[in-house]
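Sequential numbering from 6 applies to the sequence shown in our numbering.
Bear in mind the hints are in silico, worked out from the structure with no lab data behind them. In this text the structure is predicted, and so the values were computed from the model without any measurement. The reader is advised that the hints may include incorrect statements.
[Claimed, not checked] In the DSS-like style, the derived pairs of lysine-lysine whose C-alpha atoms are separated by at most 27 Å in a straight line are:
{"hint": "1", "residue 1": "Lys-13", "residue 2": "Lys-23"}
{"hint": "2", "residue 1": "Lys-23", "residue 2": "Lys-111"}
{"hint": "3", "residue 1": "Lys-29", "residue 2": "Lys-111"}
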Amino acid sequence: MAYMHIGKDFTPPDVPGKVTGRIKYAEDYTREGMVYARLLTSPIPHARVLDIDASAALAMDGVIGILTADDVYPDGEPQSTGLKILTNEPTLVGEPILALAAVDEKTAESAIAQISVTFERLPFVLDPLDSLQPGGADAYNGGNTFVFRQGFA
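Could you put together the complete structure from these sequences and hints?
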């Protein structure tokens, strides 16, 4: 019973709706008062955020606000090696720096382009063996061990 589709021609029942565009996906649904968010992500593999100037974006009609790592982690970012919701020290290209909320997608896209972030570039690792050399860049500044809970299990 576990292998009832292996070796057989099987077409999932939702394929015709997907290829014809009749099926709705999550982004096809809207509700009154819905808010749209966009993330501003790091273009740099390892950096420290020195300044965020969102004044032009916040002055735009339809922009509700922004959220930064300082808002999410008021006591400082956790020292885990996993991805954080937002960060002031991205360790890879594409890591989220801030989130912006607006009344529609077009406004969110336009506003996110108006935000200026000043970065301090930090050393990054291309070859893990280089990080083992004295003075080499660390792949994980906080260590490479994730501690979920301290103490006995």
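Here is how each hint holds up against the structure:
{"no.": "1", "hint": "Lys-13 - Lys-23", "verdict": "21 Å, holds"}
{"no.": "2", "hint": "Lys-23 - Lys-111", "verdict": "26 Å, holds"}
{"no.": "3", "hint": "Lys-29 - Lys-111", "verdict": "21 Å, holds"}
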